[in-house]
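Please model the complete structure; the sequences and the hints are all you need to start from.
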Amino acid sequence: DSGVTQTPKHLITATGQRVTLRCSPRSGDLSVYWYQQSLDQGLQFLIQYYNGEERAKGNILERFSAQQFPDLHSELNLSSLELGDSALYFCASSNLDRGTLQETQYFGPGTRLLVL
Amino acid sequence: TQLLEQSPQFLSIQEGENLTVYCNSSSVFSSLQWYRQEPGEGPVLLVTVVTGGEVKKLKRLTFQFGDARKDSSLHITAAQPGDTGLYLCAVNQGAQKLVFGQGTRLTINP
Chain A
1 DSGVTQTPKH LITATGQRVT LRCSPRSGDL SVYWYQQSLD QGLQFLIQYY
51 NGEERAKGNI LERFSAQQFP DLHSELNLSS LELGDSALYF CASSNLDRGT
101 LQETQYFGPG TRLLVL
Chain B
1 TQLLEQSPQF LSIQEGENLT VYCNSSSVFS SLQWYRQEPG EGPVLLVTVV
51 TGGEVKKLKR LTFQFGDARK DSSLHITAAQ PGDTGLYLCA VNQGAQKLVF
101 GQGTRLTINP
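Protein chains in written order, with my numbering: chain A, 1 to 116; chain B, 1 to 110.
Calculated directly from the structure, the hints in this document are not laboratory data.
On a predicted model such as this, the values are computed, not experimentally measured, just so you know.
Treat the hints with care, as some may be off.
What follows is a set of in silico ranges between Cβ atoms, one per label pair, in the way DEER data are often shown [claimed, not checked]:
id : chain 1 : residue 1 : chain 2 : residue 2 : range
1  : A       : Lys-57    : B       : Glu-15    : 37 to 47 Å
2  : A       : Arg-18    : B       : Pro-39    : 20 to 30 Å
3  : A       : Leu-114   : B       : Val-44    : 23 to 33 Å
4  : A       : Ser-80    : B       : Glu-17    : 47 to 57 Å
5  : B       : Glu-17    : A       : Ser-79    : 42 to 52 Å
Glycine included, each C-beta is placed from N, C-alpha and C at the ideal position.
See below:
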């Protein structure tokens, strides 16, 4: 158990719909990352938040958005869903190890999204 | 073009055999990470290699970073069914943004 929780575990929806995926980071972790894993594209970075602020963006579609709340949990919103959005969506969290100055990302179990 | 090329893409071997999987790039990296992902789970960090030529061991797993810091290998000795999973290499591309290879899907048959 990584300490990162994600809900829901599975989500089935239809094209054109909007869904929200939720992530709770490990206690004390300030950074939250979202990744998409599909069969053809592999595991791809979408976006990072640090203490409520967006820090880095990857190949995230304009139809997708995210936010991190004051309690540090994060939500990924996917709208106008298409068949190709079917994938596993992972959240990860990290914090800086002041001794090594390194950050290790701990991944949640993921949300499996199926768009029909 | 993938930044990180992993090979082989799939590998199925018998319990007790040895194997090596590779992660190659034309770019130089300051560090490289290996993850293992089991079905229904997120990736779990196995090791981070930092120095060119560095070798790290984790029980029966041996990780090596190439001298030029462009490639890495993972060698498993006497593979066991519990080693089954997707092995991913990854590099940090700034602001902790991880870029992953496509992975090697390893199956160890009893």
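Hint check:
1. A/Lys-57 with B/Glu-15: 37 to 47 Å: holds, 44 Å
2. A/Arg-18 with B/Pro-39: 20 to 30 Å: holds, 28 Å
3. A/Leu-114 with B/Val-44: 23 to 33 Å: holds, 25 Å
4. A/Ser-80 with B/Glu-17: 47 to 57 Å: holds, 48 Å
5. B/Glu-17 with A/Ser-79: 42 to 52 Å: Holds: the Cβ-Cβ distance is about 48 Å, inside 42 to 52 Å.
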